[in-house]
Amino acid sequence: MPILVIAEHDKAGLKAATRNTVAAARALDGELHVLVAGADCAGACAATAALEGVSKVLCADAAHYTDQGAENIAALIVSVAGAGGYSHLLAPATTFGKNVMPRVAALLDVAQVSEIVAIDSADTFVRPIYAGNALATVKSSDAVKVITVRTTAFDPVGDGGAASIEPITAGPDLALSTLVSRELTQSERPELGAASVIVSGGRGLGSGENYHAILEPLADTLGAALGASRAAVDAGFVPNDYQVGQTGKIVAPQLYLAIGISGAIQHLAGMKDSKVIVAINKDPEAPIFQIADYGLVADLFDAIPALNAAL
Amino acid sequence: MKILVPVKRVVDYNVKVRVKADQSGVELANVKMAMNPFDEIAIEEAVRMKEAGVASEVVAVSCGVAQCQETLRTAMAIGADRGILVSTDAELQPLAVAKLLKALCDKESPDLIILGKQAIDDDANQTGQMLAALMNLPQATFASKVTVAEGKVSVMREIDGGLETISMHMPAVITTDLRLNEPRYATLPNIMKAKKKPLETVTPDALGVDVAARLTTVKVLEPAGRSAGVMVADVAQLVDKLKNEAKVI
Ligand SMILES: Cc1cc2nc3c(=O)[nH]c(=O)nc-3n(C[C@H](O)[C@H](O)[C@H](O)COP(=O)(O)OP(=O)(O)OC[C@H]3O[C@@H](n4cnc5c(N)ncnc54)[C@H](O)[C@@H]3O)c2cc1C
Numbered sequence: 001m002p003i004l005v006i007a008e009h010d011k012a013g014l015k016a017a018t019r020n021t022v023a024a025a026r027a028l029d030g031e032l033h034v035l036v037a038g039a040d041c042a043g044a045c046a047a048t049a050a051l052e053g054v055s056k057v058l059c060a061d062a063a064h065y066t067d068q069g070a071e072n073i074a075a076l077i078v079s080v081a082g083a084g085g086y087s088h089l090l091a092p093a094t095t096f097g098k099n100v101m102p103r104v105a106a107l108l109d110v111a112q113v114s115e116i117v118a119i120d121s122a123d124t125f126v127r128p129i130y131a132g133n134a135l136a137t138v139k140s141s142d143a144v145k146v147i148t149v150r151t152t153a154f155d156p157v158g159d160g161g162a163a164s165i166e167p168i169t170a171g172p173d174l175a176l177s178t179l180v181s182r183e184l185t186q187s188e189r190p191e192l193g194a195a196s197v198i199v200s201g202g203r204g205l206g207s208g209e210n211y212h213a214i215l216e217p218l219a220d221t222l223g224a225a226l227g228a229s230r231a232a233v234d235a236g237f238v239p240n241d242y243q244v245g246q247t248g249k250i251v252a253p254q255l256y257l258a259i260g261i262s263g264a265i266q267h268l269a270g271m272k273d274s275k276v277i278v279a280i281n282k283d284p285e286a287p288i289f290q291i292a293d294y295g296l297v298a299d300l301f302d303a304i305p306a307l308n309a310a311l
Numbered sequence: 312m313k314i315l316v317p318v319k320r321v322v323d324y325n326v327k328v329r330v331k332a333d334q335s336g337v338e339l340a341n342v343k344m345a346m347n348p349f350d351e352i353a354i355e356e357a358v359r360m361k362e363a364g365v366a367s368e369v370v371a372v373s374c375g376v377a378q379c380q381e382t383l384r385t386a387m388a389i390g391a392d393r394g395i396l397v398s399t400d401a402e403l404q405p406l407a408v409a410k411l412l413k414a415l416c417d418k419e420s421p422d423l424i425i426l427g428k429q430a431i432d433d434d435a436n437q438t439g440q441m442l443a444a445l446m447n448l449p450q451a452t453f454a455s456k457v458t459v460a461e462g463k464v465s466v467m468r469e470i471d472g473g474l475e476t477i478s479m480h481m482p483a484v485i486t487t488d489l490r491l492n493e494p495r496y497a498t499l500p501n502i503m504k505a506k507k508k509p510l511e512t513v514t515p516d517a518l519g520v521d522v523a524a525r526l527t528t529v530k531v532l533e534p535a536g537r538s539a540g541v542m543v544a545d546v547a548q549l550v551d552k553l554k555n556e557a558k559v560i
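Protein chains in written order, with our numbering: chain A, 1 to 311; chain B, 312 to 560.
Honestly, the hints are just simulated from the structure, not real lab data.
All C-beta atoms in this analysis are idealised placements derived from N, C-alpha and C, irrespective of residue type, glycine included.
Incorrect hints may appear among the rest.
[Said to hold, decoys possible] A few chain A residues that face chain B, going by a derived Cβ cut-off under 10 angstroms, partial list only:
hint, residue
1, P2
2, A111
3, D142
4, P172
5, P217
[As the list claims (entries may be wrong)] Distance condition first, Cα-Cα at most 20 angstroms in a straight line; then the derived PhoX-like pairs of lysine-lysine:
hint, chain 1, residue 1, chain 2, residue 2
6, B, K456, A, K275
7, B, K463, A, K139
8, B, K361, B, K456
9, A, K275, B, K361
10, B, K331, B, K530
11, B, K361, B, K463
12, A, K275, B, K463
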């Protein structure tokens, strides 16, 4: 039976998370189709058709998919799933996928398997529970498996495919909700989820001004994305989308620098799969040092400018 | 306006859970339990709406074992008017909980259902969206601000790229994110008062809901640990390690 991936895109192109999701889907047995639902999304469809391993792109282009609202997109996925006889429906475990997929699962009367990090077989998956302090292997007895994929657990697929693009009829506009406004954080920096280096700051920075003045030059030097602990976001140093952790973004860069972050389990849940972790904290007892590859006990206000100068 | 708030009893967020030696799950015996933090935020929001005169009644619901009554009492100490326990010893998965909640909503007809975005035990992040789907209602997940005006509810949502605001007709389903509010501590007088508030018990059978699990847990393992690395003496040594040992810069 074929497998369906739901693309996350910004109509002109694909979000990086889609590539990881396709990679997970390739670990399953079956022809791989990707659904792109959006308005004026020809660019995203073309980008999807070029993905390695994809054999068909289903393109639902309609004005009422502009906002990517869960109600309309879930209804569309359910009708596509029924018509196509798909065994698995997969989306990235991003705020987009988390919003839409449980709705799909409930409409199909099946369970959802959230944030899988490994695939054991067609019906058995591994997923973290308790902020990643345990890994559960679960087996689904449902006919259709609805899955969200933890992107950091699957290496993204590249280009090289040449899938066909098939326009499909859009579903009805359910008109259940309307988007009033959207404020996306503007940044020249790499996306947190896709960055190979992340400079992350916590409450130890003391203020938003300090956060920017101290961490930005270092992030510039390293070509890094900026992240933060919940405490730093709650205190208003940086916007919400900087938050790394159990309830924020899950990241696994080559290098993660935790600066003025104590290392609460909820924070570790979001970054402990990073390849190399550096912790800089003035408290030698800070729990972050227990998982750091390199720890430096220092005042960050001295250490970070010095580090930047040394690089 | 009536608000229904489902609350889950989970292992307290300060507890570091341990995987059982037989790999059947995590150790729950003698572990401190508490209300799921996101549900506390949901109750707080509903109670604030009542205090602001926007809502007239706040009903807390919990599904699970008898001890969930404590969770309901906590919700009532924060300010919920009454509680409903859907009593069962069965393992409840999100789809089953969503069906139980739908059955209760069919009876109670709330205008808003506010849930936590995820429970910190299974980290599933599903129940609110599933309930909205089963009831064919609009949903606003990951809420960081909720405003009710002229029969509509507008919700600011935390999304990966930033924030968005959506407007919905009611009834509607909302799930809370961390920055929606800071829940109050229940005061002793309110804890005492909560003991006298009505608490009704129903069963999944009485609600006509099949709660059979769809996912079976094959095993639960401890993740590969990360061991502490080395402490460096100064910035120069750190740079040297990153360049020559880890080779990441
Ligand atoms: C349900 C729930 C979900 C949560 N989800 C998340 C999440 O997704 N992500 C997350 O991060 N947290 C999350 N948290 C919060 C988490 O428990 C911690 O409160 C938070 O991570 C602490 O942030 P912090 O390390 O910046 O602050 P603190 O714990 O206050 O640590 C600040 C650190 O800075 C150090 N410091 C201070 N000054 C200096 C200086 N001059 N130089 C060097 N070091 C200095 C201190 O020694 C300290 O270690 C969650 C909590 C709950 C209850």
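Structure-based check of all given hints:
no., hint, in the structure
1, P2, "violated (22 angstroms)"
2, A111, "holds (4 angstroms)"
3, D142, "holds (5 angstroms)"
4, P172, "violated (13 angstroms)"
5, P217, "violated (14 angstroms)"
6, B/K456 x A/K275, "violated (36 angstroms)"
7, B/K463 x A/K139, "violated (41 angstroms)"
8, B/K361 x B/K456, "holds (16 angstroms)"
9, A/K275 x B/K361, "violated (48 angstroms)"
10, B/K331 x B/K530, "holds (10 angstroms)"
11, B/K361 x B/K463, "holds (16 angstroms)"
12, A/K275 x B/K463, "violated (47 angstroms)"
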